[in-house]
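Protein chains: 2
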Amino acid sequence: MDNTVIITDKKDNVGIVVNSSGLPKGTVLDDGTSLIESIPMGHKVTLRKIGDGEDIIRYGQTIGFAKGRMEAGEWVQESKILLPTPPELESIPLPAHRELQLEPLEGYTFQGYKNPDGSVGTKNVLGITTSVQCVAGLAEHVVKKIKRDLLPKYPNVDDVVPLTHSYGCGVAIHAPAAIVPIRTIRNIITNPNFGGEVMVIGLGCEKLRPEDLIPKSPVKKNSKEDLKNSSILYMQDESFQGFDEMVQGVMKMAEERLEKLNRRKRETCPASELVVGMQCGGSDAFSGITANPAAGYAADLIVRAGGSVMFSEVTEVRDAAHLLVPRTINPTIGKALLDEMKWFDDYLMQGQVDRSANTAPGNKQGGLSNIVEKALGSIVKSGTSPIVDVLGPGEKIRQKGLTFAATPASDFVCGTLQLAAGMNMHVFMTGRGSPYGLSAVPVIKVGSNTKLSKRWFDLIDFDAGEIASGEKSIEEMGWELFHMILDVASGKKQVACDILGLHNDLVLFNPGPLT
Amino acid sequence: MDNTVIITDKKDNVGIVVNSSGLPKGTVLDDGTSLIESIPMGHKVTLRKIGDGEDIIRYGQTIGFAKGRMEAGEWVQESKILLPTPPELESIPLPAHRELQLEPLEGYTFQGYKNPDGSVGTKNVLGITTSVQCVAGLAEHVVKKIKRDLLPKYPNVDDVVPLTHSYGCGVAIHAPAAIVPIRTIRNIITNPNFGGEVMVIGLGCEKLRPEDLIPKSPVKKNSKEDLKNSSILYMQDESFQGFDEMVQGVMKMAEERLEKLNRRKRETCPASELVVGMQCGGSDAFSGITANPAAGYAADLIVRAGGSVMFSEVTEVRDAAHLLVPRTINPTIGKALLDEMKWFDDYLMQGQVDRSANTAPGNKQGGLSNIVEKALGSIVKSGTSPIVDVLGPGEKIRQKGLTFAATPASDFVCGTLQLAAGMNMHVFMTGRGSPYGLSAVPVIKVGSNTKLSKRWFDLIDFDAGEIASGEKSIEEMGWELFHMILDVASGKKQVACDILGLHNDLVLFNPGPLT
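Sequence order for the protein chains is A and B.
Everything in the first sequence is counted per this note's numbering, starting at 1 for the first residue and increasing by one.
Everything in the second sequence is counted per this note's numbering, starting at 1 for the first residue and increasing by one.
Chain A on its own, in the form it takes in the complex (with noise of 0.2 angstroms):
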């Protein structure tokens, strides 16, 4: 049996149990302490006396406060930690201005979609937009028809998507907030997958204008003649009369987009052309140290081969705030940091939660005791590299390096503003297990635990979990999972929900009222 704990820092006073079906009462750890109760896989257990009050500490970081006294060799459940408050935003330092030193990486390529405006593509697909959720229906229902009529016909077309939402109309277009949802769809039809082929399936009558939504595209009152000049099709045209004549509009701009996607050639592409959207969702106690260390490692190396990577998920990053301030390259990217941050507070206190409304349920069963111990794990997917950049939700990406995107941590409302910030490749931790999968960018999946990753061995791409039995080293996986993220952009390898056509609707964030 293995008995082993892992501790991240010397100044830890918990370890995270490692065996798969726990460690019984009695089990005496390397260092001597002896187990005073049954702990399951992924919970910590006190390597020394902690007294009332006392810190517990995890990452050689506190997260959180012994509620009573507790022996070496306890199990720490969540109820026996007093949740800290988080950093306080006002009294974190802002950083001084500093250069940029990476060690270079070079020599890296992948097989990439060159797109005029410059972008890489890692797929070719038709996206087609929509611009309120009146034509939802409609835009699925003739999507069908395209993939089965169409599609065939352009083999070079990797998949044509169709870009749904709950947004457009019945929404306070004007509030402040409206500002988000707007341009994460203005946003995601740029996305390099899409390979600058746009079109907008619109209503008519609806508040978001889809006029508003491609301001660079001619504009032309629509009529079935002239679909060949413009991107958009309004279905109360009354140039279509009934349903069959919508159809065949649509398809008929869609087939012309598809002539010119189907002439994209994969190239070779250096790897700062990469920009990866990292994320997790359903962790445990392992992420920290098994699946987000590893992508973290491939993280750096990605910026260091000159590439874009971006972390996200306010809530799951709040509590470690006095860790990425001091990360950021200069003031004003601190002060970014930090106004996001106090966003998301006032946010969630207007709904009269705060951060620690996070965790689930799965989480605590998964060890993490609570946001703190979370966030700490989180943040470990973001690598070492400084932050150059910081995007409010929504926005498009900037910079080549480190991005901090501010989202939720809600997965796929995470993942559809990654992909309106312009990842062409998305990496996502589970720890408990999720089957998320989108189509318009490739995601690969990375298990927390051994356990998992071969439960779902056809769900997860990337088995972390080495980690922690010691088969593998943080630094061997994390080179791993670079090539497997070089060698998924190629096209050369396809992730799990790929292959099994598992894909999720876009999730819009909408902070903005309803009406």
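Certain hints may be false.
Cβ-to-Cβ under 10 angstroms is the rule here; a few derived chain B residues that face chain A [said to hold, decoys possible]:
1. Gly118
2. Glu140
3. Val143
4. Ser166
5. Val171
6. Gly242
7. Met246
8. Val314
9. Asn358
10. Ser410
11. Lys454
12. Arg455
13. His503
14. Val507
15. Pro511
16. Pro513
Pairs of lysine-lysine, DSSO-like flavour, derived with a Cα cap of 30 angstroms [claimed, not checked]:
17. A:Lys144 / B:Lys454
18. A:Lys153 / B:Lys144
19. A:Lys10 / A:Lys25
20. A:Lys145 / B:Lys11
21. B:Lys265 / A:Lys145
If you're looking for bench data, these hints aren't it; they were derived computationally from the structure.
For every residue, glycine included, the Cβ atom is placed at its ideal position computed from N, Cα and C.
Since the structure of chain A is provided, determine the placement of chain B on it from the hints.
Leaving out everything else, chain B in the frame of chain A:
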């Protein structure tokens, strides 16, 4: 050329242009008014001089105040109208207690599916509920397979519908407002069209526990062997080795339910078992004089027959609060109506907007100048019956008669909440045109003008435009709609969206924050 204008109350000082091409400058109306400019269809013409600041009156009510002086025969554009403040909720007197006095309507029946809980379905559908967004892709994947491989074996079952949504995790599940999405999902499960056959696909680590959605169902730890005794299937269940086994698990659970649903038979049911949700979307100036009055007349017939009717859309009744409160049946219900409006006022204010954020560009193009005019036309669909109850968003209907079910006006959000309330028939009025469709409940789409109803011949089920042209009376059209409701509820007549297979996803109302 038809130079009619419509006025609905003798106090009106504006009329609505009926002619489908509008009326040119110089046209002389029946009352002698000469048009001093051309006016499009559906727009308002002044019927006498209106002084600066004077009331502009439609439906016998003030819809705004003149910005500057207007001549007779002038086009009343939006820019010429000042928006009034909404009725002050505090100053609206509560009604006295009173007895319901309705002229009974007997002898009308439909062929419905009687359920064990006493409700009656109009369709026979297997609804597959999801507890969390993470399994939505999987649910849709499996439902495709069920429809292909299983559904053909059970010809009495109309459809299999995945009840997917973006709630369940990544949300503040303990926020005060979380009650709304949670009870919505819980109540949708018991919609009469699902015949009491419940199944929930959960992930395992999510915040929204499937056990809390079906509290009366036998709850067991699931295993592949134990599916018969439970209605919940967790994808993280350790007995599932990979995706295929999950799919097989869902298929097996679905087939057991399909077998039972397949034994359901239509029986003669009194019209009092109808639960009709009334809604409008993409309204124009005709909505309030054709489609909504016809729907209102039909609503009165259903209420007289002992059935239930709901109307909704808080921002579209807000400006008519002073007309609705006196229609409530006692002070408690009157107060409940005011409370829902107050809640929505506060909700909008939190987002820094008010009820005027409701109107869409298409409403205005269709002649609806502002939210007051829209609301006065909107409430007409409630008919004239007393309001016997008021539901909060997502609550289940409790009374026969006319209920105000408070919802946002956002079309699919309103439809989803009326579905949760238990509607078994849906009537949707539109002037601009919407391809609105739901898969769980038949939707009769009523066009407010013949121009639209003709152009969208295969999308609109009922042309109420004949009222504007004078070909039919509101009473005649109301009776026709009532008969169509009975025919569709009986399965004798299929609605347009079901013939086309054109259905929109449900959209939850979550006034609480994401995390």
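Going down the list of hints, with the structure as the test:
{"no.": "1", "hint": "Gly118", "result": "32 angstroms, violated"}
{"no.": "2", "hint": "Glu140", "result": "8 angstroms, holds"}
{"no.": "3", "hint": "Val143", "result": "13 angstroms, violated"}
{"no.": "4", "hint": "Ser166", "result": "4 angstroms, holds"}
{"no.": "5", "hint": "Val171", "result": "7 angstroms, holds"}
{"no.": "6", "hint": "Gly242", "result": "5 angstroms, holds"}
{"no.": "7", "hint": "Met246", "result": "8 angstroms, holds"}
{"no.": "8", "hint": "Val314", "result": "9 angstroms, holds"}
{"no.": "9", "hint": "Asn358", "result": "4 angstroms, holds"}
{"no.": "10", "hint": "Ser410", "result": "2 angstroms, holds"}
{"no.": "11", "hint": "Lys454", "result": "9 angstroms, holds"}
{"no.": "12", "hint": "Arg455", "result": "6 angstroms, holds"}
{"no.": "13", "hint": "His503", "result": "5 angstroms, holds"}
{"no.": "14", "hint": "Val507", "result": "4 angstroms, holds"}
{"no.": "15", "hint": "Pro511", "result": "8 angstroms, holds"}
{"no.": "16", "hint": "Pro513", "result": "4 angstroms, holds"}
{"no.": "17", "hint": "A:Lys144 / B:Lys454", "result": "27 angstroms, holds"}
{"no.": "18", "hint": "A:Lys153 / B:Lys144", "result": "24 angstroms, holds"}
{"no.": "19", "hint": "A:Lys10 / A:Lys25", "result": "24 angstroms, holds"}
{"no.": "20", "hint": "A:Lys145 / B:Lys11", "result": "53 angstroms, violated"}
{"no.": "21", "hint": "B:Lys265 / A:Lys145", "result": "34 angstroms, violated"}
When held up to the earlier numbered hints, the structure conflicts with 1, 3, 20, 21 and fits the remainder.
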